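Chains as they are written, first to last, in my numbering: chain P, 1 to 267; chain G, 1 to 267; chain W, 1 to 267; chain S, 1 to 267.
None of these hints come from the bench; they were simulated from the model.
Since the structure is predicted, the reported quantities are computational estimates derived from the model, not experimental observations.
Take these hints with a grain of salt, some might be off.
Note: identical chains are not told apart, hence a pair may lie in one copy or across any two.
[Unchecked claim] Below are the PhoX-like pairs computed for lysine-lysine, each with C-alpha atoms no more than 25 Å apart in a straight line: (1) Lys139 to Lys12; (2) Lys266 to Lys196; (3) Lys95 to Lys3; (4) Lys139 to Lys231; (5) Lys231 to Lys3; (6) Lys231 to Lys12; (7) Lys12 to Lys214.
Protein chains: 4
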Amino acid sequence: MLKGFNYPLTPKGKSTLNPPPPWYYSADFLNVEFWAHPSAVAALLPPGLDLDHSLDGHSNALFYDWQFSGDNDEYLDPARYQYREFFILVDALYKGRPVSYCPYIFVDNDAALARGWSQGYPKRLGQVFQTRYYAATGKAGPTLATGAKFAGSLTAGGQRLAEGLVTLQEPITDPSLLTQTPVVNLLHYPRLAAGKHDQPALQELVENVPHDVKIEQAWIGEGSLTLPVCKGEEISDLAPVRCGKGIRASMSYIVDDLKTLRDLRKL
Amino acid sequence: MLKGFNYPLTPKGKSTLNPPPPWYYSADFLNVEFWAHPSAVAALLPPGLDLDHSLDGHSNALFYDWQFSGDNDEYLDPARYQYREFFILVDALYKGRPVSYCPYIFVDNDAALARGWSQGYPKRLGQVFQTRYYAATGKAGPTLATGAKFAGSLTAGGQRLAEGLVTLQEPITDPSLLTQTPVVNLLHYPRLAAGKHDQPALQELVENVPHDVKIEQAWIGEGSLTLPVCKGEEISDLAPVRCGKGIRASMSYIVDDLKTLRDLRKL
Amino acid sequence: MLKGFNYPLTPKGKSTLNPPPPWYYSADFLNVEFWAHPSAVAALLPPGLDLDHSLDGHSNALFYDWQFSGDNDEYLDPARYQYREFFILVDALYKGRPVSYCPYIFVDNDAALARGWSQGYPKRLGQVFQTRYYAATGKAGPTLATGAKFAGSLTAGGQRLAEGLVTLQEPITDPSLLTQTPVVNLLHYPRLAAGKHDQPALQELVENVPHDVKIEQAWIGEGSLTLPVCKGEEISDLAPVRCGKGIRASMSYIVDDLKTLRDLRKL
Amino acid sequence: MLKGFNYPLTPKGKSTLNPPPPWYYSADFLNVEFWAHPSAVAALLPPGLDLDHSLDGHSNALFYDWQFSGDNDEYLDPARYQYREFFILVDALYKGRPVSYCPYIFVDNDAALARGWSQGYPKRLGQVFQTRYYAATGKAGPTLATGAKFAGSLTAGGQRLAEGLVTLQEPITDPSLLTQTPVVNLLHYPRLAAGKHDQPALQELVENVPHDVKIEQAWIGEGSLTLPVCKGEEISDLAPVRCGKGIRASMSYIVDDLKTLRDLRKL
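Just chain P, with the same shape it has in the complex (with noise of 0.2 Å):
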C-alpha cells in the first residue's frame, strides 16, 4: 500500500509533499483593499460565479508569512514547511451569495503549492516578502503604532508583480472588520491525453472551509497597492483604480475539508 495526501506515493508516507489533513496554519499578514475595473474582475471570475455589481470591482490584496503544521509536528522542520504568500481575492456572487475568488495567488514552497491545488487556489511560485514586527521593536521596523508602515512585494518568473504598502491608524475594535466572506475556487486540473487538452481532468467549482480562525493583533489603516504592467502576465489588468483601508494582523485556522458546489465538466 502506497501512502502520502501529495506526491509522492511511498511505503511509508515520509516523502509526500504533505500529510493528510487536518493541515494546521499560523501567519502574519497584511490585506489591502482596493477596487478594479469591474470588466477586469468580470472576465476573470469561472462558470457559476458572477460580477456583483454593487461593489465596483472590490477586491483585497494580500501577503502572509505562514507557518504550516500537520499531526506530526511539520513546524519543527521549517525549511520544509514555512513559506510566504501573495494573493488576491475578488469579490463576487454564487447563487446571488457573496463569495471571494481567487484569480492569482503565488507561494514560495512546493508543499503549500500542492495543498493549494487541492483547495483550488492556483498557485504558482514567487518570491514573497513582507515588514515584519518584533517584540524587541527599535528603528529596523515599524511598532504596533498609528503611523506604522509594512510594506509587501511578489516576484515571480524574475518580475515584480506587485507591492502593497499598510500604514496603521488604530486597532481593530469592531470584529465585523474582519469577516471573510467565503473563497469559491476553481478546482482544474488538465488532461494530456491527445485531443483532451481542453476536456480538464478536473473542473469544480468548490468552497474552503477553514475553521477555528483566530485573529490577534488586528491594527487597521490605510492601504495601498501597484500591479505593474509585465511580460507574459495578466495580473497587471487588476490594476487598482483606487485603494482603501489596509489591516496587518495575526491569525490562525485550520483546514481539512473542501465543499464542492458544482462540477463543471458536466455543464
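Given chain P's structure and the hints, the job is docking chains G, W and S onto it.
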C-alpha cells in the same frame, strides 16, 4: 472563456503555468545505472505494475539540465521556463511488458512541476546541479574524452538527497544502449473533501508517449550514485547495492500526449 | 563623486549593497549553548586570541530571523534587506579578557553578507530557517510556554550543515543570563596580485561595538545542536560533545562602529 | 595556522569560499553592444579613468553561464561553484589607454561574489538566465544558425533590471571582433570604524590580467538591451540610446593575478 492549460486560468491565457502542448524539450543529462534492493523497488510499485524478479532491482538515476518551450518562444524567457531535474526510474513490468516507473523526481521550477504532475511524474522542488561541458574547454571542466568526469547533486528541503558521478570511457556507437523502456507513471490527484482523504480524485496508470527523441554527443562509462539517509525522506531505501554504467549525452523530444492504461479508482 | 558604503559605487549611491551606518537590526533568535572539543576551538582561533582552558570548549550556536534598516526606511523593501542567519560563537580570551569569536556564519542575503564582511564576520550564503512564534497561536506552532519547541536549520552548498532545537522551560527573569561577551572577529581581505596570495590586503583583530541592545520575550530551557559531517566543510569539527541551555527571544540593536584591536599584518 | 583565500579561515582551508588561485573558468555568453548617454558613463567613472568622448558612450552588456574550478576539481561540486552572471562594461581611458570599466555586475553564487570583490568587480546577488544551445537541438531552443535568437535576463532584489537579446547572423571569422580591451576596476573595501565611514580601507584602480583566453563557437549578429527604471537602482541611467552588434560564444580563461594601477587613498 478562461484560458490556460494549467493554473491560473485567465482571459488571455498568458498567466498560466504552461501553454497547451505540444511541449518541446532539450537537455544535457547524466544517467547512472544502479541496482537497488528488489524489495525496495517492489514496495514502491503501484497497483498494476510488477517487479521483474529477473532484473535484481535494476534502476536508473538521471540528472537533466532542461530547456523548455511551447509554441510561443518560451525558450526566450529562461527565467520562467528553464530548469533542472533529478529523477529515478525503476524497472517494472506492466502486463508482462518491460516498463520504467518514476517513484521520485525533483525540479527547480514551477512550470516544470505542473507539466510533470499532468504526466504522473510525482515532482517536488529541489536544487539540482550537474557539471557542464563547454565548447571552449579549459581546466574549469571536463572535455568529452576518456576519463572525463561529470557530477550531479540533488538537495530538497535543505537536505542532500542524491549525488552521482559519471566517468566517460568512449562515445556510444551502438544506439541500442540509448533505448529507453516506456515510462509508466501513477497519475494521482487527492481529494480534500472530509471523509475522502483516501479517495483520490484521480488515480490512473499512465504511459508517457514522447516522440521525436534525438540524442547527440552520447558517451558511456562508469556510473556511481549515493542516496544518503535523510530525515523525513524515504528515497534512501533505494540506495544502490551496486552501480553500473554511466552515460552523458544531449537529448531533445516532444510531449503532446499521455495514454491512460488503467483507472485505479475502479479497482 | 561616487557614493556607496559597499559595492557598487554610483553617482547617487542608490545601487550600493548598503547605506552608510548607522545600521538598525531587529530579530527573533534561537541560542543553543554547547561544548566542542577544546582542541577544535583552539585550532580555529586567529593570532591574538587564546583558548580559555577553563571553559572546556564552551560555545554558542545562533539562528536569527533578521530585519535590517538604514536611515532610508530600508525595512519597507524586505525583498532586498530582510534576511536569516546562522552563526557560531566560540569563547576565547583577548589579552586575558573573555571574548567570543565567530568562525562560521551564513546568511541568505547579499547586503547582510557585505555588512558582515565589513565587521569581520566570515559570512557565506546559506538557507537558514527557524520555527516562528505568532500572536495568533494555533497548532501550527509553539506558544511561549513550558515545553514549547523551536527548531532551526542551516543548509549551504546544498548540504545540511547544522540543526538546532530549543525547548522552553521558563521566562528569563535574570538579565545576566542574556549578557553577551564582546565579539572579536578576524577582519580579512585577500590580495589577488601574483606572489601575494598569502599576504592579505587586510588582516585585523576587530571588536564589534553594538549599542542600544534590547531583548524581549526571552525564555530559557534546553538546547540541542548537531553539526553533521559534510564534504568540503570543516564546521563538523566543532560538533558538540554536549549541549546546554537553549534560549528563544526577540532582540534589537544598532551598529555604527568597529574597533580595531590589532593589525595582524604587522606581526 | 588558519587557511583559506577568502572567508572563512579554518585549520584545513576546506570551508573557505574559494581555493587560492589559479582560478579556471568556462562559460557560454551573450554580449550586447550599446551606446549609453556619455554623461551617464562619465558620472560612473572613478578617479583616474576618463571618458573617451570619441566613443559616444560605447558599452557592452554581458550574460554568462559559468563553470568555475580551482585545483581541487571544484567543477565536480556544481551546487557550490557553478554560477550565472550579468555585467556591464563601459569604455574609458586610463592615461589615454583604452580600457573597460565595470560599474554593475550580478551573480547568483557567493564564491563568485567573493572572487569578484577581490578583483574589484562590484558584485551583488541576482538571478541571471540565458537561453541555452544544446547539441541535440529541437524546437526547445535555437541552433547555431542565421536568425537564431538567444535571450538573457537579470533580476535583483525582486526587480527585473536588465533584458537582452542576440539574433545570430554569421559565425565570426575575424578574431579581432573578439578582442577585449583590458578591464580596469575600482577595488573598494569600506571602513566601519566611527568617523571613517567615508575613508575606505582599500580603494585602488586595478587591472585584470586574465590569460589563456579561448573562444569557440562564436557567432555575431544583432543585439538589443533594455535597462528598465527600478526603485532604489541607478543602472537604468545607462539605458541604451541605441544598440549594436550581438555575440554568442563559448569561452574559457584563467585568473591568478591582479595589477594595481593606482592607490586612490593617496590622492
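- Task: Against the earlier hints, flag every one the structure doesn't satisfy and list their numbers going up.
- Result: 7
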